[in-house]
Amino acid sequence: MRAAMSADHSLSETPVPADTPRVSSTTQALYPSPSARDRRALLMRLLGTYGTIIVLASMLVIFSVLQPATFATIGNFRNIINDMAIGTIVAAGLTVPLVAGDFDLSIGYVASFSGLLVVGLLSSSGLPIPLAIVLVVGLGTIIGIVNGIVVSKIGVNAFIATLGTGTIVVGLNYAYSGGIPLQLTQSREFTNIAIGRIAGVPHLVIIMAVVLVLLWMILNRTVQGQHIKAIGVSPESARRAGVAVDRSRIVAFAIASTCAAIGGVLMASNLGSGQVTAGDGFMLTSFSAAFLGSAALREGQFHILGTLIGVLTVAVGNNGLAMIGAPIFTQFLFTGCLLVVAVALGGIGRRYGRG
Amino acid sequence: MAQAMLLSLRRISRSFGGIQALDNVSLDIAKGDVIGLVGDNGAGKSTLIKVLAGAHDPTSGDVILEGRPQKLSPPAEAQRLGIETVYQDLSLIGTFTAAENFFLGREIAIGRGPALLRWIRRKSMGDTAMRGLEELNIDIPGIRSKPVDRMSGGQRQLVAIARGAFWGHKLLLLDEPTAALGVRESREVLDLIKRLGAQGLTIVMVTHNLDHLWQVCNRVVVMRRGRKAADLASSATNMEDVVAYITGAKEPMTPRPATTEAGA
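Top to bottom, those sequences are chains A and B. 1 is the number of the first residue of the first sequence in the UniProt record's numbering; add one for each residue after it. 1 is the number of the first residue of the second sequence in the UniProt record's numbering; add one for each residue after it.
By construction, these hints were calculated from the structure, which means they are not laboratory data. Note that the structure is a prediction, hence the values are computed from the model and not measured. Be a bit skeptical, because a hint or two may be false.
Cβ-Cβ distance ranges computed for the label pairs, FRET-style [claimed, not checked]:
(1) B:Asp40 to A:Leu305: 44 to 54 angstroms
(2) B:Lys71 to A:Arg247: 18 to 28 angstroms
(3) A:Thr167 to B:Arg144: 42 to 52 angstroms
(4) B:Asp23 to A:Ala36: 49 to 59 angstroms
A short list of chain B residues far from chain A (calculated; beta carbon distances all over 12 angstroms) [said to hold, decoys possible]:
(5) Gly17
(6) Gly42
(7) Arg106
(8) Arg118
(9) Arg144
(10) Ala160
(11) Ser234
(12) Asp241
(13) Glu251
Among chain B residues calculated to face chain A with C-beta under 8 angstroms, some are [claimed, not checked]:
(14) Gly67
(15) Tyr87
(16) Ser91
(17) Ile93
(18) Gly94
(19) Thr95
(20) Phe96
(21) Glu107
(22) Gly113
(23) Leu116
(24) Ala198
Glycine included, each C-beta is placed from N, C-alpha and C at the ideal position.
Full structure from sequences and hints, please.
Here it is as structure tokens:
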């Protein structure tokens, strides 16, 4: 084995000093040598590209073996898809600023406030349902634009800025509700938005699909999407090529916040009430999903399809744990571990992906 | 001087705080010139190229483009006027294909209005980039499909320069185009610059490598301490002289803007 390896080294056309930093793709493109290091890099690349899919597939196998009668059923998967629809909308929205290279920590709070506000508007002021929804989602867009302006024009670190705006949104939430859940006094029309079905397909799943397709098209088929992807790789190169960097970042934040508001409205419709903190958890699950998604198919790049796979991974895990009767705390352990694994896999994909 | 001046800098100064990066620099760039801009670190060549690129506004002095006074900043304005800059690194998006990089910021798209509603025409961008590169005799596989990250440093530089030449119909600014390249790759890049010069494109190239300069440039401009120390036809000078101007061993030539007054 040792001999074979050293033979490999002597066969490589150009001797590369052992301590040569792995800098550019040039080095690898010019000196392909099947050394142990390259094999390790290949393994890492595969892990960064298929890691999430491996995690998802193994969970499907394990839970199916453990609970064939309850987990591995069409009905259960229909439930999983339906339950993850709202989270997918929020996570897919978050994916857009992540592609642009920005974090948005305010999405969960925006979702909570949106759900509460839409119930409040419907119950107290008697606004027509479409108008109330447009107002609330519009407010979400505005919060996103504010995030984008604070981050790009004023230059506040996105992490801190969105933590700040998110906390302001929590403040607005408590100012509006007094910290007390709001009951929906309206008819069933509003709850039907989330609970209804068309031809047997839940509305939530249809809305999720529409949002996913729209976001995918924005990122992959429009000039704006091209610019968002470019600034995520190198804002300076993009700026020098004539890309309106600030505007692109603002649009990305606006999209994330809009999706969070849509998620909040659907959540309220699903619950039939406005809960003060019901959407807060979306922040963590969305980041888990997006990072898991970055280690699915694309070597550490965030993308919409990946995020869908990420949400599915989180949902299958939680559902499976519940099915095998694991105590509730294991779900938190699982989600936490998954987030760490997700970020690690995404990082591996990015580090070993190019070249 | 019978030649038509493409661009003239008249007594350009630029200071950053207390530091005088450019001090009364005048430079005439004739159509078809391929100018090598050299000088020690901090001599002002990079500030000069940034003034030409529109990235810095001069503190004082005038820029005359084709006979008319012209403001070059911001960089988008310089680009609009047909002045393109290829920066040392920071010019391509690694995950994008060469074709996508070609059109970054200037995508071919259906529809008008905000970028969110403009639909990218990938095929059309791919075709045009292919044609552009073919016209320059650049043969790189995977123009439409391969992220430029997966290309060699030389290929990336060829793509970046070709993009600059494609859009910069008046003036192409190159910042150390061969700095990070090996011998063979440098030669490919120099060949491309030579071809572009032969096609009549005006080029200003910052370089540290005098050997490379001599291979492609017809003029040498030496910067020293924010001033223009020498401005010579490369056929009328030699490397020792240029090095002497760079280090200050040789006194700067007449500090007045010689060429413009001679031309008048």
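Right, here's what the structure says about each hint:
no.: 1; hint: B:Asp40 to A:Leu305: 44 to 54 angstroms; in the structure: 52 angstroms, holds
no.: 2; hint: B:Lys71 to A:Arg247: 18 to 28 angstroms; in the structure: 23 angstroms, holds
no.: 3; hint: A:Thr167 to B:Arg144: 42 to 52 angstroms; in the structure: 46 angstroms, holds
no.: 4; hint: B:Asp23 to A:Ala36: 49 to 59 angstroms; in the structure: 57 angstroms, holds
no.: 5; hint: Gly17; in the structure: 21 angstroms, holds
no.: 6; hint: Gly42; in the structure: 22 angstroms, holds
no.: 7; hint: Arg106; in the structure: 6 angstroms, violated
no.: 8; hint: Arg118; in the structure: 4 angstroms, violated
no.: 9; hint: Arg144; in the structure: 15 angstroms, holds
no.: 10; hint: Ala160; in the structure: 10 angstroms, violated
no.: 11; hint: Ser234; in the structure: 29 angstroms, holds
no.: 12; hint: Asp241; in the structure: 35 angstroms, holds
no.: 13; hint: Glu251; in the structure: 37 angstroms, holds
no.: 14; hint: Gly67; in the structure: 26 angstroms, violated
no.: 15; hint: Tyr87; in the structure: 6 angstroms, holds
no.: 16; hint: Ser91; in the structure: 6 angstroms, holds
no.: 17; hint: Ile93; in the structure: 5 angstroms, holds
no.: 18; hint: Gly94; in the structure: 6 angstroms, holds
no.: 19; hint: Thr95; in the structure: 5 angstroms, holds
no.: 20; hint: Phe96; in the structure: 7 angstroms, holds
no.: 21; hint: Glu107; in the structure: 5 angstroms, holds
no.: 22; hint: Gly113; in the structure: 10 angstroms, violated
no.: 23; hint: Leu116; in the structure: 4 angstroms, holds
no.: 24; hint: Ala198; in the structure: 27 angstroms, violated
Of the hints listed earlier, those the structure fails to meet are numbers 7, 8, 10, 14, 22, 24, in rising order.
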